[in-house]
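Counting in numbering that gives the first Met the number 0, the sequence shown runs from 0 upward without gaps.
Everything labelled a hint here was simulated from the structure, so no lab data went into it.
Computed from a predicted structure; not experimentally measured.
Be careful, since some hints might not be right.
Stated by the list, open to error - In silico EDC-like cross-links for lysine to aspartate or glutamate, where the CA-CA straight-line distance does not exceed 20 Å:
id, residue 1, residue 2
1, K182, E171
2, K51, D95
3, K139, E184
4, K178, D189
5, K369, E423
6, K430, D399
7, K67, E36
8, K277, E287
9, K338, E423
10, K427, D404
11, K175, D189
12, K274, E76
13, K369, E419
14, K139, D197
15, K67, D102
16, K430, E344
17, K369, E386
18, K369, E357
19, K186, D197
20, K25, E76
21, K139, E192
22, K46, E27
23, K411, E382
24, K348, E445
25, K175, E164
26, K348, D334
27, K139, D177
28, K430, E419
29, K277, E445
30, K714, D615
31, K178, E192
32, K338, D432
33, K182, E192
34, K139, D95
35, K46, E629
36, K411, E445
37, K46, E184
38, K37, E27
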Amino acid sequence: MAKNNSLHPNSNGETDDSPNMLVYRKMEDVIARMQDEKNGIPIRTVKSFLSKIPSVFSGSDIVQWLLKNLCIEDQVEALHLGTLMAAHGYFFPISDHVLTLKDDGTFYRFQTPYFWPSNCWEPENTDYAVYLCKRTMQNKARLELADYEAESLARLQRAFARKWEFIFMQAEAQAKVDKKRDKIERKILDSQERAFWDVHRPVPGCVNTTEVDIKKSSRMKNPHKTRKSVYGLQNDIRSHSPTHTPAPEAKQPTEEELREQIKFWQAQLDRHRLKMSKVAESLLSYTEQYSDYDPFLSTPDPSNPWISDDTTLWEMEASKEPGQTRVRRWGFGIDEVLKDPVGREQFLKFLESEFSSENLRFWLAVQELKRRPIREVPTRVQEIWEEFLAPGAPSAINVDSKSYDKTTQNVKDPGRYAFEDAQEHIYKLMKSDSYSRFIRSSAYQELLQAKKKKSKNFLASAELDSNRKAWWRRTQLQERFCTSDGYPRCFSTSGALSPGRSLTCCLTFDLRVTSQGITARKRDSGLQIYRMFWKLAIPAILAWTLFVSIETKKLRPQGAIPSPYKLKGNDLSSPSHTLASLPQHTSARRQKGKHDMLSSSREALVVTERKYLKSDWCKTQPLRQTVSLEGCLSRTVINRFCYGQCNSFYIPRHLTSQTSHRSRKTASAPDHNTSFQSCAFCRPSRITTVTVRLHCPGLQPPYRQRKVQRIKQCKCVSVNVNAAY
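Whenever a hint applies, use it, and build me the whole structure from the sequences.
In structure tokens, the structure reads:
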């Protein structure tokens with residue numbers, strides 16, 4: 000073990016004074032059982048390609064041992080316990096700086112007892128600088144500094160610039176000592192020393208387990224024995240330990256203080272506590288129960304009249320008839336009944352039928368007392384006392400002796416909360432007895448069933464009521480402007496009756512009333528037609544969109560990037576497709592040379608004349624590429640691939656079936672008897688090489704590098720087709 004002179008545990012006192020010592024002892028007992036030769040975790044040497052990994056075990060072995068030997072039933076709990084022990088540095092992964100436990104084949108190794116946290120280490124920044132400097136001297140892949148370690152080394156070098164030469168000499172001497180050790184021993188010691196610094200200088204974002212809670216240290220006899228936090232070099236670049244002031248002598252508690260503390264702990268034991276799982280379950284059930292009454296989660300029935308044109312809600316409120324959802328909500332609990340005015344009224348009627356309404360009337364009177372002006376409170380308190388609690392009260396309530404005595408004392412100094420204890424007692428009585436009988440009563444069930452029937456016929460009744468109002472309004476107007484015989488009450492300016500004008504006036508009035516009714520009915524019918532149109536139109540639009548997308552996917556070749564005007568598959572290669580059989584919706588520019596060339600440059604065939612080359616296109620598209628190597632973990636990188644429309648070739652004007660062999664050989668000459676001149680393909684034009692680093696846990700060194708070609712630019716490259724003949 001590399002026990003450096005600069006690294007030494009805190010030995011200037013008893014180590015048991017550490018506030019975390021009890022936790023350390025428990026974890027070390029478990030580690031001792033893990034290292035037992037018979038019942039412990041099997042430690043083995045793993046052979047890999049050209050190397051060996053000594054004294055390791057897998058993470059799944061730790062989890063299985065914890066489940067078997069510590070009476071743990073949940074695998075998640077075993078994984079959490081193992082992660083806590085790994086975070087304190089009792090065992091560590093051999094190829095990762097993050098001290099955590101994984102239930103897989105990751106290799107772990109036990110830490111030597113010399114580096115256990117129970118030794119109360121106080122490593123300083125100079126020790127860390129020597130360690131980092133020593134690793135830079137050893138040209139090995141497994142000892143290469145991580146990014147955060149390189150940044151820490153740079154900060155330490157700036158902080159200790161004056162004595163950096165001394166630190167470098169010390170690191171050089173330790174490196175020479177390490178080279179004299181055996182290879183396997185040196186490999187184990189390097190990993191254990193690295194794990195020690197991963198505990199005391201953890202990776203950014205990980206928890207520093209060496210920190211001590213200030214509350215724990217304040218309760219210790221010697222709080223100055225706690226270790227200092229060295230996480231974050233930018234905040235702590237001093238190499239010396241802080242000075243500590245001696246703790247004051249502990250004061251002995253008096254007998255009265257001890258009795259108060261006993262009462263406090265007894266009260267804590269009597270508190271009702273629930274598990275987090277039960278609390279979460281109750282919250283979920285509450286949310287599901289009230290989701291129908293949340294307008295943000297479900298559409299209210301009836302709808303909000305301020306948002307929609309439906310006035311059903313206002314008409315229901317005016318009729319003072321509770322809806323079905325309102326009545327059903329009373330069954331959730333007594334609080335829903337008491338906070339609803341209609342619910343309180345129905346509950347009071349039920350209690351009056353059973354001659355036990357005094358409890359509810361007392362509860363309502365106390366609630367009303369809390370909202371009274373302060374000058375009226377004494378008078379109202381006396382009235383409530385005489386009505387419900389005084390000897391011989393007309394509506395006496397039944398309360399326990401403790402609540403009665405306390406209420407009697409409160410009435411002598413009347414206040415808004417004089418009946419608080421009696422009200423709470425009555426509330427519990429109603430909740431346990433009266434409310435349950437109200438929910439099971441036939442009155443509530445009939446009310447609930449009646450609301451269901453009324454809700455079904457409410458729209459018809461509302462329409463009937465509106466027609467009755469219109470008829471009543473017309474009748475009132477006729478009685479106002481016409482006589483009982485049907486003649487109008489219209490007069491001339493002189494006061495004499497004018498039959499002709501009276502007839503015109505009455506007819507005009509009748510036409511106005513009739514036209515208003517017809518207009519209202521037309522407006523209602525138009526609104527209904529408008530709503531019905533959109534109910535039918537929206538599904539039709541969605542169905543048409545889905546049908547078009549399905550047909551478009553059918554026309555695409557499998558595995559190809561869709562291109563506009565692309566025929567299905569490779570239909571253009573079929574001899575049945577001629578120039579005349581191509582799509583007829585081409586532009587005038589393409590129709591110009593229809594008999595000499597192809598009609599569209601988008602049909603995978605493009606003429607090689609210069610004016611048509613601009614129709615070719617060649618682009619790059621990002622592509623996920625997996626880089627793998629035997630014995631290493633695969634890694635995904637972002638590469639690119641070329642795709643486009645570049646297969647351009649020349650089609651002769653007069654192509655005959657009999658083509659001489661001689662004409663094929665002279666493909667470079669601009670002869671129209673040649674079948675093909677050239678063909679263009681979308682190819683990479685600029686390619687770079689990227690080095691990808693792969694993590695190989697079973698190899699030595701545990702890293703491998705592999706070069707991958709990366710495409711940067713693609714172009715349409717012309718290829719001589721006749722060269723193949």
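* What are the numbers of the hints that this structure violates, sorted from low to high? -> Of the numbered hints, 22, 29, 36 do not hold.
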